[in-house]
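Visitor: Protein chains in written order, with numbering that gives the first Met the number 0: chain A, 0 to 435; chain B, 0 to 470; chain C, 0 to 270.
I should point out that these hints are in silico values taken from the structure, not numbers from a laboratory. Beta carbons are placed, not taken as given, at the ideal position from N, Cα and C, and that holds for glycine. Some hints could be false.
As the list claims (entries may be wrong) - A short, non-exhaustive set of chain A residues, derived as facing chain B with CB atoms under 7 Å: (1) Ile-35; (2) Tyr-36; (3) Ala-46; (4) Leu-48; (5) Thr-238; (6) Phe-245; (7) Leu-262; (8) Ile-268; (9) Val-269; (10) Met-366; (11) Ile-391; (12) Phe-392; (13) Thr-406; (14) Ile-410.
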Amino acid sequence: MSDTIAETPTVMIPDQKDRIARRLGRRHAAEKRFRIYGIVAIGFALAMLAFLLTTIVWNGYSAFFKTYVQIEIHLKKDEIAPGGRIDRAVLAKADYQTLLRESLIEKYKPEGRRARRRLTGLVSIGAGEYIRDFVLANPSVVGTTQSIWVPASADIDQLVKGGIDRNLPETSRRIKNDQLAILTRWEKEGRVETRFNTGFFTQGDSREPEQAGIWGALAGSFFTMIVTLLLAFPIGVATAVYLEEFAPKNRATDLIEVNINNLAAVPSIVFGLLGLAVFLNFFELPRSAPLVGGMVLALMTLPTIIISGRAALKAVPPSIREAAYGLGASRLQVTTHHVLPLSMPGIMTGTIIGMAQALGETAPLLMIGMVAFVVDIPGGPTDAATVMPVQIFLWADSPERAFVEKTSGGIIVLLAFLITMNALAIVLRKRFERRW
Amino acid sequence: MNYSILLLTLVALSIVGYYMGRNRARVTADGRIDRLHSLPSYYGTNVAIWVGLPAFILFAGWAALQAPIIEGLVFGSLPDQIRMTVNGDLLATAKMTAAQKTLFLNNVQNIATGDIASQAVSDDVRRAAAHYARLRGLSFMMMIGAMLIAAAIGAFFAYRAINPTMRARNTVERVVSGVMLVCSTLAVMTTVGIVLSLLFESFDFFTKVSPIEFLFGTDWSPQTAIRADQVGSSGAFGAIPVFAGTLLITVIAMIVAVPVGLYAAVYLSEYARPKVRSTVKPVMEILAGVPTVVYGFFAALTVAPFVRDAGNSIGLDVASESALAAGVVMGVMIIPFVSSLSDDVINAVPQSMRDGSYGLGATRSETIREVILPAALPGIVGAVLLAVSRAIGETMIVVMAAGLSANLTANPFEAVTTVTVQIVTNLTGDPEFDSPKTLSAFALGLVLFVVTLCLNVVALRVVQKYREKYE
Amino acid sequence: MNEAIAAVGGTAETAPQAPPGLKFVTRNVCVFYGEKQALNGIDLDITECEVTALIGPSGCGKSTYLRCLNRMNDTIDGARVTGSLELDGEDIYDPRLDVVQLRARVGMVFQKPNPFPKSIYDNVAYGPRIHGLVTGKAETDEIVHTSLAKAGLIDEVKDRLQEPGTGLSGGQQQRLCIARAIAVSPEVILMDEPCSALDPIATARIEELIDELRENYTIVIVTHSMQQAARVSQKTAFFHLGDLIEYGETAQIFTNPQDEKTQGYITGRFG
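Based on the sequences and whatever the hints tell you, model everything.
Guide: Laid out in structure tokens, this is it:
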């Protein structure tokens, strides 16, 4: 043993020092490279996020605006009220769309059916409703000629907002030259305006892009989330409390625990299949209803709430429980009086995050028929409805250029909700975070 | 909606029971609460439970069982032969197929609830519908009666049992913990429900298509013909191209997500200053919070055309629904998943390992490559497995950006389809419930569930073991 | 960090050249963790090929001082070192000095045995490999064997070099860590309470080893155990609340301490 020690030099041999020094450059270059890889990776992720968000905002902000045109329309008395009687019931039933069309044709006298269709295609199919509202608000205008602001058609809307290039050759442009000429004239006369699109927030879905709104989907999401919350929150909290505070440590509770962890990682679409097979086919609950959607999403959200709830309960120190037990409180009293209130912020945070996940979920809802085209605003959890992400999916599937804008606009609204929810969760955590 | 009024009534009755029970407890103790075994509110709660719980269980059972019973009664009361439509053929009731039964029932239900039936229906159907409506009404009345009787009996006994020595608190706590136990079995029930429903429908599918063909066939075209004599009417259900497509997109996603996520995690945990870390980390988490439908839209609208144009400009033939576009976007979605899991894993490596390596004069990158990553390897493998399971199960991105046709190819520029895409397309629209096309979705769902479950179980095990090692 | 450089620069000129036989010359060493000052101006010389023991109650700054000697404090966020520290007359905190090179010259053994989760062989070969001291298997084999031999571990592990280092007993693990440190042939070995996690028999084995290693290496050891300091060291420094109270020959410190506090500590009145 002492032999080997004697053989080795006391200090570093100069050769060794050199060897280390010679390699230093290479090693530091490798170090720098490695560091750059890390920065590049983070840069890539952040760039993709920025790219994603800018694409959405770039395409979507215009969805919050809508083009209106001012049309001179002769409100012919004999067409609005053929019987001569002017009362609300008659006024409400009249065909204003045709009236509008006739006024346009009389004024610009297009030749041929196609030219006529192009002319009337300048205004929205829903324009008639605006005229009706105008007339109903002031029935004395019947028989006169009025200038009324009505929404432009989706193509004109796109053109005015710059979504369609005016300088393209006519053949590859959706707006033809004669339409463009009239529009230019209107613009000169100040008859074209872009206003805030309130309809986007107050209307249901529509086949016509300029009429389509997100309100129906918002209402559907609302009812779905209510059902999800009512089911998932109490059941999730009860499960978390049971497993953490009451359950004996045995095979059965182990099984439940493993089960919950695995359930958290089951693809969401499988929950949709479960909903389809069990809720729709076996229990024969209504298709496309927020009730079923909410039940499916509740099952999907449960593991998130349970896992975060258990973490929050675990964070309450045992001394609190011991103090309460020491005063003769029963297990349920200890839990409901002390442990649960103390862990509530944590449980709420987990619940909000779970709900945010559920709000953005699409796939399982496709399975239970929430993908239907629903125009009416749902009034309750059993009405046919769609939800925001599914609405976005439906719009994204529509071929018209104008729906790209709607899709992005819908995404902005959805993201706004999600950001609000997550911010709320963060605030809650920051505000009530307790260090024991 | 009648049901919700009924349930609200029940809740109201329970509340009344609570106050009555509490008062009676006070009265029996002559106003001296210390003579009671439990606080008066427990006596009240006890009464409330006895009013509400049995009636509610009755309600749940009734609601679940009434549909099949009523349907059975309706079928039982049918004449031997019926017509579905006014001019339809006579059908022998005993020999109706499942599809005919479903159609018949749908018509009956639609008429009974006042909705318009899909076709002109025969008198047979109308008669059955009237019978059905009568039975439903009767059932509802009976249910109300039974619930009220149950509530009354419960209230009577619970109320009478109140006396100072009664252990109301213990009873209440037993019931509460029982309810909690039931809640916590719901997770197990969900799993059982998933397994049973998938198995059940898949079994149906496998009676029509052999499992061998499904698992090993290489031709997937699930369209079944409208007419029996149409060309290719049978449909082909060899799922290999679908599995291969899923695998291809998953591999592309992993090629993006694993290095980026891992390097990001390493940089954030080993290099970044705390300030940088605490800002960059939550920003990266935003990527995980973006709904998948948004990624799908992004992939279809922006990335896929970009990939196609870029490919075309260098002379490659790229499909507009290329696997590459869907895979890359999916990878981006999974980056934060990989990075936050790896971050946890890397942070679990004890500081003493780093000290040992730095103490020998290793640079940071040498320490990371030679010591930290090998030490964290099991945990990272677990994280990657979880990410793979996530990628396989991801639906919206591929539904919106990947193709529908099942190509058996390893070329990332071609369009492929995935398991989840096929599930969605075969089940949306107007599914006929017993066509092989619809049922194939459940078979695919079963495969998806089994594969992801295995991945999850293995991954969670590995991560668990790894954590135990350093705790 | 700028302050540190300025301070180092300022004192470097006035600092006396290290007399032969002194490995480290340190003057006015202060360490701050954020706002908190952990060391208040330590002046200490460490003699070559001797064992210097740093003793004192917990939190007195002895480990902090030790970690200055190979700049391990760099790895702690917010740690700041000022003053002058010279190794063979070279300023350790000179920004031009490569910390990698420094740590190859000043090795370290830690409180808890921390073998890497690799084989015994790879644990020892790690240092020589990263520093490029070995080329080829034969050289690596040789350096692994001699290092293990010097650490007195070779007989116990020579048949299972490919087994994981974490499978060894605590004492063996610590000797493996020592072998790992001497594989890069450092000039100095810093030991931070190397025996605190070990049983008495393993401790005795390590102490024996330290005594053998003294022939070739300068050793600085932080220890909680005064008996250990008395047994293995030639010089002893007593730290208290971030100050160096007393420094001298071990025998003198233990038999005839000059300072009251030292006396109080070694007689067990506080600590």
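Visitor: Hint by hint, note whether the structure agrees.
Guide: Evaluated hints:
no. : hint    : result
1   : Ile-35  : violated (10 Å)
2   : Tyr-36  : holds (5 Å)
3   : Ala-46  : violated (10 Å)
4   : Leu-48  : holds (5 Å)
5   : Thr-238 : holds (4 Å)
6   : Phe-245 : holds (5 Å)
7   : Leu-262 : holds (6 Å)
8   : Ile-268 : holds (5 Å)
9   : Val-269 : holds (5 Å)
10  : Met-366 : holds (6 Å)
11  : Ile-391 : holds (5 Å)
12  : Phe-392 : holds (5 Å)
13  : Thr-406 : holds (6 Å)
14  : Ile-410 : holds (5 Å)
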